[in-house]
Amino acid sequence: MKSAVLVFPGINRERDMARALAHVAGREPAMVWHAERDLPAGTDLVVIPGGFSYGDYLRCGAIAARAPIMDAVRAFADKGGLILAVCNGFQIVCEAGLLPGVLMRNAQLRFICRDVYLRVERSDTPFTRGYNAGQVIRVPVAHGEGNYIADGETIARLEGEGRVVFRYASPDGIVDPNFNHNGAMNAIAGIINARGNVLGMMPHPENHVEAAMGCTDGRGLFAGLVDHFKLAA
Amino acid sequence: MIPNEAPITPELIAAHGLTPEEYARILKLIGREPSFTELGIFSAMWNEHCSYKSSKIHLRTLPTKAPWVIQGPGENAGAIDIGDGLAVVFKMESHNHPSYIEPYQGAATGVGGILRDVFTMGARPIACLNALSFGDPNHPKTRHLVAGVVAGIGGYGNSFGVPTVGGEVRFHRRYDGNCLVNAMAVGIAQADKIFYAKATGIGMPIVYLGSKTGRDGIHGATMASAEFGANVEEKRPTVQVGDPFSEKLLLEACLEIMAKGCVIAIQDMGAAGLTCSAVEMGAKGDLGVALDLDSVPCRETGMSAYEMMLSESQERMLMVLKPEKEKEAEAIFRKWGLDFAVVGETTPTKRFVVRHGGAVVADLPIKELGDQAPVYDRPFTSKAKLPPIEPGAIKPPIGIAAALEKLIGSPDLCSKRWVWEQYDHVILGNTVQRPGGDAAVVRVNEGPKALALTADVTPRYCEADPFAGGKQAVAEAWRNLTAVGARPLALTDNLNFGNPERPDIMGQFVGCVRGIAEACRALDFPVVSGNVSLYNETNGRAILPTPTIGGVGLIGDFTKSMTLAFKAEGEAILLIGDSRGWLGQSLYLRDICGREEGAPPPLDLAAERRHGDFVRSLIAEGLVTAVHDVSDGGLLLALAEMAMASRIGAVLEAPHDVLAEITAHGFWFGEDQGRYVVTAKAADAVAQRAKSAGVPLRHIGTTGGPVLALAEERPLRVADLVHRFEAWLPDYMAASSA
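Each protein sequence line maps, in turn, to chains A and B.
Quick note on this note's numbering: the first sequence kicks off at 1 and runs consecutively.
Quick note on this note's numbering: the second sequence kicks off at 1001 and runs consecutively.
Keep in mind that the hints are not guaranteed to be accurate.
In the SDA-like style, the derived pairs of lysine to any residue whose C-alpha atoms are separated by at most 25 angstroms in a straight line are [said to hold, decoys possible]:
id : chain 1 : residue 1 : chain 2 : residue 2
1  : B       : K1416     : A       : L109
2  : B       : K1335     : A       : R59
3  : B       : K1198     : B       : K1416
4  : B       : K1567     : A       : R114
5  : B       : K1449     : B       : T1559
6  : B       : K1449     : A       : A22
7  : B       : K1212     : A       : R59
8  : B       : K1385     : B       : R1580
9  : B       : K1560     : A       : A212
10 : B       : K1335     : A       : E36
11 : B       : K1449     : A       : A18
12 : B       : K1212     : A       : I63
13 : B       : K1416     : A       : P177
14 : B       : K1325     : A       : W33
15 : B       : K1212     : A       : Y57
16 : B       : K1327     : A       : Y57
17 : B       : K1567     : A       : G214
18 : B       : K1560     : A       : M213
19 : B       : K1681     : A       : A212
20 : B       : K1567     : A       : D172
21 : B       : K1065     : B       : R1521
22 : B       : K1560     : A       : D217
23 : B       : K1560     : A       : E210
24 : B       : K1335     : A       : L39
25 : B       : K1560     : A       : R219
26 : B       : K1449     : A       : E210
Source of the hints: derived by calculation from the structure; they are not laboratory data.
Just so you know, these numbers come straight off a predicted model, no measurement behind them.
With the rest of the complex left out, here is chain A:
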């Protein structure tokens, strides 16, 4: 699996992401600077990591969505290339029009860093094939603006087409406002596009891949992607 991790000024989880990819895929990703115009030849997976691109000034992800590299990313998505967008990455792909909706400030108006539980809604995507549908995983969140909001029609379409991939839930997998730390509509933690090749999610699976860090629940996402490309090869 040949991955490319995009680096915008102010992105700060690119090292975490690169390390997780190297751990699970056994191969270092290419780090791609925002001012580039092309992705490295033969890229299988584009990863847009977390952080505060452009300081989150103006609006989270708004400036990065217009960076030079994003034209190549859109073209890559149009051709069916896989894109994993985490946290600020999720905000960037929403701003870039690759996913619908927007990430608003957390309901209690504070940044929150804690482990949360996600119910994996489907296992038939390249991003979630390492999990079983209905499985509950524990991964950290660290964001001030993770409250997913879209208009009623969009939400209905996302739900109707089964495009909600991860939902905030209790450790038993029950969706409950007490476990929806940021107030996201329908407890949405991650969605995919209609074609199924772009995933945006707020939590950080890349911080839970090593047993040394106390939990490896995030590993399945990366292991699933590795399997996906193995089978495709």
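Starting from the known structure of chain A, fit chain B onto it as the hints suggest.
Chain B only, in chain A's frame:
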């Protein structure tokens, strides 16, 4: 003679925080009246914050050396060797005055400043901690300060991308008019690639890097060197505004040009901005510095030389670059979108010459600006010792169980989750132990080594007996590092006090420093960096003396770091150390009995070291399953914390002989020092070891069940304790202002 922009009047001199004697010293030093810009430069260099004029002679008494110390106090941060060619670079610094005036930006720029101190030395920051002191929760300003300071720390650190892994938060009415924000940053560098401020070579380009200079923070350091009066709000323009985005870019750009070998000397622009950084680089290298302010990147037009020299705009660096690498360095800075400007050069004259608009606006002897700053041996008085309080002399107003319930939900002892959940504590993927334990544990690169990090002080002990309190602060940091299995290596101290011109306050300072020095020597735990914050008082009322100690320890294998949670049912609970039921200055006495009285607990440094070394050996040999130090609130608080962290209860019993001597409340809530609680599968083996090591050890209970059960007391459900523990702070912050 330099033509003057403004007449130098006694009022102007006083407004610059300079005494008539200090002004006379300036006249003697330069042999003429200073220009307005020069007066500003002197005020920036000679204020308490930058010159340490009241504290210097006492700070010299602190032990700063050990075979593993690479750099002690005097540089941007201290550095210690942890083997494998790596160094830990760390420092703690206060941002108290600005945080009280403008809590969000004050705290944010405090974090930004300390991070810059660390990466200026070539280290990549891997962790931050902070120690916060606020006023009485019922004071109308406290909630606003807590919300702003915590959001500011998070806002800066989260965006910069460093995990904030530990610290402490306390409340006391003596901080009503002056909150304390002490921020610590820790970084990792190659031990042979540490960068310093000392300039070398004549005619070398001096380069300005980072953000543009604006009119913010002018006289910030002078403001931080005076007490507050009634008009504190008017000082808001002296607070700087932080931009963590620029700082993150500055970090990456600096580390990149350092790796490319472009840098001869580097100094961040912190307090007193361009003035302090330029003078320091020249003075340390025995060189002169010539600056041309027309080249300084400015945020707005029409800035005067005075404003540029005193601006404390953030996210700026000054460097001396290798001339042949200048173009390469510039390209790297341009790539990161940062300003890069040659603003001067080193000279052989040992003079600090500043030009603006073609004219010389300052021409001063560079060494004397620093070296000849006034040094004061201020008079001090020592407080009479307070008498110890016998446990029998205190009648318990409520039972043991009720007292525990009350303490666990009190402002000082309750969970600080509401605070640390606003800090990203997992970024970088190395946080082995998150906030909430005795010390945070952060893996170094891919391991197996890890650092243990903590920040500690018990101000009420320092107030009651400065010497004992200074000693205890160091011992507690050492103990917390030990409790996670680390070997304590070195510390940074952040000394927060009131007005040193008052002999009683100076006495607190001197006493605490003496106590710190004694404990450092006894525990082989040197001071490698630090910061002094004086004049923390408002309308004549000073803060509690608060010498915060930031400790760093090393763990050989992070997978063997120890945590405080009970691990399994049916394990023996053992208490290491002597219990004398010491309730003087305890939280039980203060928060249950309403009395802030008596001598603080005595501390035997030899026993401290013996007990700590013993605990560390138990952890290394895998003989214990959980370890927790006993501190604020005493033994029962420690046990409750171990239970809450695991949701496993315990059956507890006070030894009968002890009870007869020191009473039940003395045993459970006394704050005797040098103690740890451990759990073990094989209690006999541990007891045997303790006996041969000459360490006191008592069996005090067994883990298991859903409750904490004490003989003759109502059982306490662990789940209920957790609820009380977690509820206070969120409830307090959610309530509308009183």
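Now for the hints, and whether the structure bears them out:
Distance hint between K1416 of chain B and L109 of chain A is fulfilled; the C-alpha atoms sit about 18 angstroms from each other, no more than 25 angstroms. Taking the CA atoms of K1335 of chain B and R59 of chain A, the gap is near 23 angstroms; set against the 25 angstroms cutoff, the hint holds. For a cut-off of 25 angstroms, the pair hint linking K1198 of chain B to K1416 of chain B is broken: about 41 angstroms separates their Cα positions. A threshold of 25 angstroms between alpha carbons decides the hint, and for K1567 of chain B with R114 of chain A the separation of about 22 angstroms falls inside it, so the pair holds.
Taking the CA atoms of K1449 of chain B and T1559 of chain B, the gap is about 9 angstroms. The hint holds against a cut of 25 angstroms. Straight-line distance between C-alpha atoms of K1449 of chain B and A22 of chain A comes to about 21 angstroms, which keeps the hinted pair within the 25 angstroms bound. For a cut-off of 25 angstroms, the pair hint linking K1212 of chain B to R59 of chain A stands: about 23 angstroms separates their Cα positions. About 19 angstroms separates the Cα atoms of K1385 of chain B and R1580 of chain B, which keeps this hinted pair within 25 angstroms; it holds.
Straight-line distance between C-alpha atoms of K1560 of chain B and A212 of chain A comes to about 10 angstroms, which keeps the hinted pair within the 25 angstroms bound. For the hint linking K1335 of chain B to E36 of chain A, the alpha-carbon distance of about 12 angstroms falls within 25 angstroms, and the restraint holds. Proximity of K1449 of chain B to A18 of chain A is assessed by CA-CA distance (about 21 angstroms); at most 25 angstroms being required, the pair is judged to hold. A C-alpha spacing of about 21 angstroms is found between K1212 of chain B and I63 of chain A, which places the hinted pair at or below 25 angstroms, so the restraint holds.
With a C-alpha separation of about 23 angstroms, the suggested pairing of K1416 of chain B with P177 of chain A holds against the 25 angstroms cut-off. At most 25 angstroms may separate the alpha-carbon atoms for a hinted pair to count; K1325 of chain B and W33 of chain A meet this at roughly 23 angstroms. Taking the CA atoms of K1212 of chain B and Y57 of chain A, the gap is about 18 angstroms. The hint holds against a cut of 25 angstroms. For a cut-off of 25 angstroms, the pair hint linking K1327 of chain B to Y57 of chain A is broken: about 30 angstroms separates their Cα positions.
Distance restraint check for K1567 of chain B and G214 of chain A: the Cα-Cα separation of roughly 15 angstroms lies within the 25 angstroms cut-off, and the hinted pair is therefore satisfied. With a C-alpha separation of about 13 angstroms, the suggested pair K1560 of chain B and M213 of chain A falls inside the 25 angstroms cut-off, and the hint holds. A distance of roughly 24 angstroms separates the Cα atoms of K1681 of chain B and A212 of chain A; the hinted pair therefore holds under the 25 angstroms criterion. Proximity of K1567 of chain B to D172 of chain A is assessed by CA-CA distance (about 23 angstroms); at most 25 angstroms being required, the pair is judged to hold.
Under the criterion of a C-alpha separation no larger than 25 angstroms, the hint pairing K1065 of chain B with R1521 of chain B is consistent with the structure, at around 10 angstroms. With a C-alpha separation of about 22 angstroms, the suggested pair K1560 of chain B and D217 of chain A falls inside the 25 angstroms cut-off, and the hint holds. Using a Cα cut-off of 25 angstroms, the hinted pair K1560 of chain B and E210 of chain A holds, with the two alpha carbons roughly 16 angstroms apart. For the proposed pair K1335 of chain B and L39 of chain A, the alpha carbon gap of about 19 angstroms is at most 25 angstroms, so the pair holds.
As the CA atoms of K1560 of chain B and R219 of chain A are separated by approximately 23 angstroms, the hinted pair is consistent with the 25 angstroms bound. This hinted pair checks out: K1449 of chain B and E210 of chain A have alpha carbons roughly 16 angstroms apart, not beyond 25 angstroms.
Violated hints, listed in ascending order, are 3, 16; each of the other numbered hints is respected by the structure.
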